[in-house]
Amino acid sequence: MKKIFGHPKSLRNIPTHYCAGCGHGIAHRLVAEVIDELGIRERIIAIAPVGCSVIAYDYWDFDCTEAAHGRALAVATAIKRVRPENIVFTYQGDGDLAAIGTNETIHAANRGENITVIFINNAVYGMTGGQMAPTTLLGQKTATTPSGRNAKFEGYPLKISEILAVLPAVKYIERTSLSSPAEVIKTKKAITQAFKNQMENVGFSMVEILSPCPTYWDMSPKQALDWIKDVMSKEFPLGRIK
Amino acid sequence: MAKTKVLMTGNEAIAEGAVHAGCRFYAGYPITPQNELTAYMAKRMPKVNGIFIQAESEISAINMVFGASLAGARAMTSSSSPGISLKQEGISYLAGCQLPAVIVNIMRGGPGLGNIAPSQSDYFQATKGGGHGDYHSIVLAPSTVQECFDFMEIAFALADRYRNTVIILGDGMLGQMMEPLQLSVVSCQLSDKNNLKTENRKLKTKKWALTGCKNRKPNIIRSLFLKEGALEELNKKLQNKYNEIRAKEIRCETFNLKGAKIILVAYGTTARIAKGACVKFKKYKLGLIRPITLWPFPEQIIKNAANKAKAALVVEMSAGQMLEDVKLAVEGKIPIEFFGRMGGGVPTEEEIIKKVIAL
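Sequence order for the protein chains is E and L.
Numbered per this note's numbering, the first sequence spans residues 9 to 250.
Numbered per this note's numbering, the second sequence spans residues 361 to 719.
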């Protein structure tokens, strides 16, 4: 009988440390499935961020490195330049990519580095205890915005994907979410596109994935998925940005 | 065949020396007084199929070096004092991940934005770690333009041999000064020069590097160890490595030590001036110890010399940083005096002698 579904080779068969309802497990698996399907596991060099998914290398089964907080795209730039035959991707959270690493992000994108970026936007710093992220919504309560984010003092949710989209060297940006099985399938398609682009030397490609953090949103897993659909994706509209 | 000489600045000699030593990745950011180095690499790297990137910041430059190094390339960045402060995070990560890299600091006056004149006030930062955590970079201090070229071969070989960061600590005068030099290593003072050369030429495949997991298990580069005891184990390994470096890699020049009453201790540009004082004012019977590796520090050589001399004078372009290491080495056996200029001031031979007379 033909086997039509199985555990991805690129994902180790061990339990993750993520909280119940967290999106990282799904996103890790999607990345692993895409890499298997494209047959590029042996060419992959991945860069894990600083954040909840810092030990993504414990789950993925291919070459991985850590980068200092925010520096993933500087590290990725050099790896890809030194080894253009490899497939290089970063997996970064909102704080990593759009706060402490904004400079690295914008300039790697502006140079048009031929790398793939998986950007997990969950509107909060998870690993450090639920502080305000650059993408935290107005009114959203976090450890450092106890009365909710106030535009007067904390500014507005940073739309880094839209900012990057104006750069001529950026070739592909799509925003997706993990709020339902249908959205998960769309996310996988976008990740596939972002990797294919690199294989075909198209240039800088990024997928922004709206991902649930029930723990620091103070919601049940189901409520968190609904919040992405009903609230978060109003602020961060889904679809192809570039 | 007579070797022809060329005229170069120290900055350019460092760049050409790096290329000669197999460096094929350079990332840098403009800062005076090291700009000639970056500009030289921009022209030179493409000619040897190397990679040059002008980074968006010092922080990005050192992290690009991190990426290039973990991908197996011989990689280097350069900067001057304020920029080197920004690179400390990256250097600490390189240390934690045990990645080889060469970092050039052409020191200028500080603190803060300071000025662009020569200084040696980053000695503490370079030799004691600099970033967070218990680590050391190997620190080499050239004092001539020829050494700027020559030491790059040692720097890259040591970086690869120990999977460690190596800092080239020069100053604005050395970086900017032009001198004739031979574009082949002449003044290494290496006990193991031949070994280093072989190591450099072979450029063995680095088994730990990330190259894609074809026909092998995946490689992981990390400095995060959350499991109880795991980080302490890594630190013990690092300390063992540092002890091995201390035992094997000390490099030092001594001059006129025989019969010397007063020992001058100085490195880099200052050592050249101190040497000038030894020659010019013979009647004071001055000898010179010039540490070439500032870390590991030549304690034993200084200690032995102290047993035979009346006093020692440490000369630096700082408020007295290497002075502390000299004091530790001498262990109070003889009086240690200090003469230093700060904020861009450069000591003269006459100033040194005045201080010697006052001893």
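If you are wondering where the hints come from, they were derived from the structure by calculation, not from laboratory data.
Treat the hints with caution; some may be incorrect.
As the list claims (entries may be wrong) - Derived DSSO-like pairs: lysine-lysine, alpha-carbon spacing no greater than 30 Å straight-line: (1) Lys-574/L with Lys-11/E; (2) Lys-204/E with Lys-574/L; (3) Lys-601/L with Lys-670/L; (4) Lys-577/L with Lys-204/E; (5) Lys-577/L with Lys-196/E; (6) Lys-618/L with Lys-17/E; (7) Lys-17/E with Lys-663/L; (8) Lys-715/L with Lys-693/L; (9) Lys-618/L with Lys-715/L; (10) Lys-714/L with Lys-621/L; (11) Lys-587/L with Lys-621/L; (12) Lys-10/E with Lys-574/L; (13) Lys-566/L with Lys-488/L; (14) Lys-10/E with Lys-577/L; (15) Lys-640/L with Lys-663/L; (16) Lys-640/L with Lys-574/L; (17) Lys-197/E with Lys-566/L; (18) Lys-250/E with Lys-167/E; (19) Lys-693/L with Lys-714/L; (20) Lys-566/L with Lys-17/E; (21) Lys-642/L with Lys-670/L; (22) Lys-204/E with Lys-194/E; (23) Lys-17/E with Lys-574/L; (24) Lys-618/L with Lys-577/L; (25) Lys-204/E with Lys-670/L; (26) Lys-693/L with Lys-204/E; (27) Lys-577/L with Lys-17/E; (28) Lys-618/L with Lys-668/L; (29) Lys-668/L with Lys-621/L; (30) Lys-17/E with Lys-197/E; (31) Lys-197/E with Lys-642/L; (32) Lys-643/L with Lys-668/L; (33) Lys-601/L with Lys-618/L; (34) Lys-196/E with Lys-488/L; (35) Lys-577/L with Lys-11/E.
Verification of the supplied hints:
no.: 1; hint: Lys-574/L with Lys-11/E; in the structure: holds, 25 Å
no.: 2; hint: Lys-204/E with Lys-574/L; in the structure: holds, 20 Å
no.: 3; hint: Lys-601/L with Lys-670/L; in the structure: violated, 36 Å
no.: 4; hint: Lys-577/L with Lys-204/E; in the structure: holds, 24 Å
no.: 5; hint: Lys-577/L with Lys-196/E; in the structure: holds, 26 Å
no.: 6; hint: Lys-618/L with Lys-17/E; in the structure: violated, 69 Å
no.: 7; hint: Lys-17/E with Lys-663/L; in the structure: violated, 60 Å
no.: 8; hint: Lys-715/L with Lys-693/L; in the structure: holds, 20 Å
no.: 9; hint: Lys-618/L with Lys-715/L; in the structure: holds, 21 Å
no.: 10; hint: Lys-714/L with Lys-621/L; in the structure: holds, 16 Å
no.: 11; hint: Lys-587/L with Lys-621/L; in the structure: violated, 56 Å
no.: 12; hint: Lys-10/E with Lys-574/L; in the structure: holds, 26 Å
no.: 13; hint: Lys-566/L with Lys-488/L; in the structure: holds, 28 Å
no.: 14; hint: Lys-10/E with Lys-577/L; in the structure: holds, 28 Å
no.: 15; hint: Lys-640/L with Lys-663/L; in the structure: holds, 26 Å
no.: 16; hint: Lys-640/L with Lys-574/L; in the structure: violated, 64 Å
no.: 17; hint: Lys-197/E with Lys-566/L; in the structure: violated, 36 Å
no.: 18; hint: Lys-250/E with Lys-167/E; in the structure: holds, 14 Å
no.: 19; hint: Lys-693/L with Lys-714/L; in the structure: holds, 23 Å
no.: 20; hint: Lys-566/L with Lys-17/E; in the structure: holds, 25 Å
no.: 21; hint: Lys-642/L with Lys-670/L; in the structure: holds, 16 Å
no.: 22; hint: Lys-204/E with Lys-194/E; in the structure: holds, 15 Å
no.: 23; hint: Lys-17/E with Lys-574/L; in the structure: holds, 13 Å
no.: 24; hint: Lys-618/L with Lys-577/L; in the structure: violated, 58 Å
no.: 25; hint: Lys-204/E with Lys-670/L; in the structure: violated, 73 Å
no.: 26; hint: Lys-693/L with Lys-204/E; in the structure: violated, 70 Å
no.: 27; hint: Lys-577/L with Lys-17/E; in the structure: holds, 13 Å
no.: 28; hint: Lys-618/L with Lys-668/L; in the structure: holds, 9 Å
no.: 29; hint: Lys-668/L with Lys-621/L; in the structure: holds, 8 Å
no.: 30; hint: Lys-17/E with Lys-197/E; in the structure: holds, 19 Å
no.: 31; hint: Lys-197/E with Lys-642/L; in the structure: violated, 80 Å
no.: 32; hint: Lys-643/L with Lys-668/L; in the structure: holds, 18 Å
no.: 33; hint: Lys-601/L with Lys-618/L; in the structure: violated, 34 Å
no.: 34; hint: Lys-196/E with Lys-488/L; in the structure: violated, 48 Å
no.: 35; hint: Lys-577/L with Lys-11/E; in the structure: holds, 25 Å
When each numbered hint is compared with the structure, violations occur for hints 3, 6, 7, 11, 16, 17, 24, 25, 26, 31, 33, 34.
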